[in-house]
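Asker: Sequence:
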Amino acid sequence: MNPILTSALSGAAGAAAGAGIAWLVGRLLRRRPGWLPILPVLGIGIALAIARSLQPSFGDRLMVEMDDLPSVQALKAHYPADYEALRSSVRGLPADTRADDVRARTAEVFARVLRRQIPKADAESIYALQQVTRSYSAALRDVDARGCVAMMEGDSAPPTIAEVRRPDIERADMSATARVLIQTATKPAPPPTPMPFEDLLRLSAAALATLPERDQDVTIAILREERDPRTPEENRIMCDFNLALTDQLLALPPREGGAKIRAMMAMN
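Each step along the sequence shown adds one to the number in this note's numbering, with nothing skipped, and position 200 is 200.
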């Protein structure tokens, strides 16, 4: 397991875009089905859950509503080819479309764009994404510590994120996603310089010092063995460590903290 956090790459962006579309689906169906989770693919796509009972015209109606979402507006304005790909994925969906198929199709479009654009995100944009990732991960800690670790380290947001989502986090996530899409299209940032390993050690040591002594020992053992946590307790401890490390960065002003996050990402 690599102690270098790359959560800004994929842990946050798109989660609220999925939430926004989930709201639209509920609105179109005049109800909020229990099968309407947020499940971003790789943590950076739009997620949809579609029931088998939907009418054939649902895809067209959903696309019209989606055009009002900030992230979709940014896609339409700055990434026309990708917007057309999204439009093609959504419009004309048949009534028997499986939820997983729709998730994969729509998430793939945003995942592709964000993978391409994240390296060009500036410090303030990365800082905003990290704030969102931190909020989701902290909320997951007591619900799904393993999911917290995965999200903080750049993997997909777990299905349990649906249990902890809040309107304030969703709004921040939607805003951060749209910001990255617009900023990287209009004013891309130059590649960052990798963080010196000594600086990473200092940040990690400061984060480690905030943990109880026993948790420090477990964290050090896991990092030295370069492995994933194996038990619920180890996952809880590594969640706390990752949150503490992120807090070291978010305690800095956005430009400075975001620059350090970009430098950490460049170490990979």
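If you're looking for bench data, these hints aren't it; they were derived computationally from the structure. Only a predicted model underlies this, so the values are computations on that prediction, with no experimental measurement involved. Treat the hints with caution; some may be incorrect.
[Stated by the list, open to error] Pairs of lysine-lysine residues, derived as DSS-like cross-links and limited to a Cα-Cα distance of at most 27 Å, are as follows:
(1) K120 <-> K76
(2) K187 <-> K76
(3) K187 <-> K120
[What the hints assert, rightly or not] Simulated DEER-style distance windows between Cβ atoms:
(4) R166 <-> S88: 47 to 55 Å
(5) R91 <-> L211: 43 to 51 Å
(6) A206 <-> S88: 19 to 27 Å
For each residue, glycine too, the CB sits at the ideal point set by N, CA and C.
Asker: Within 19 to 27 Å: is that where the Cβ-Cβ distance between A206 and S88 falls?
Answerer: violated (48 Å)
Asker: That 43 to 51 Å hint for R91 and L211 (C-beta), does it hold up?
Answerer: holds (50 Å)
Asker: Is K187 within 27 Å of K120, Cα to Cα?
Answerer: Distance of about 9 Å is within 27 Å: holds.
Asker: Is the straight-line distance between the alpha-carbon of K187 and that of K76 27 Å or less?
Answerer: holds (17 Å)
Asker: Between K120 and K76, does the CA-CA distance stay at or below 27 Å?
Answerer: holds (19 Å)
Asker: CB of R166 to CB of S88, is that within 47 to 55 Å?
Answerer: The hint (47 to 55 Å, Cβ to Cβ) is violated, given that R166 and S88 are roughly 32 Å apart.
Comparing the model with each earlier hint shows violations of hints 4 and 6; every other hint is respected.
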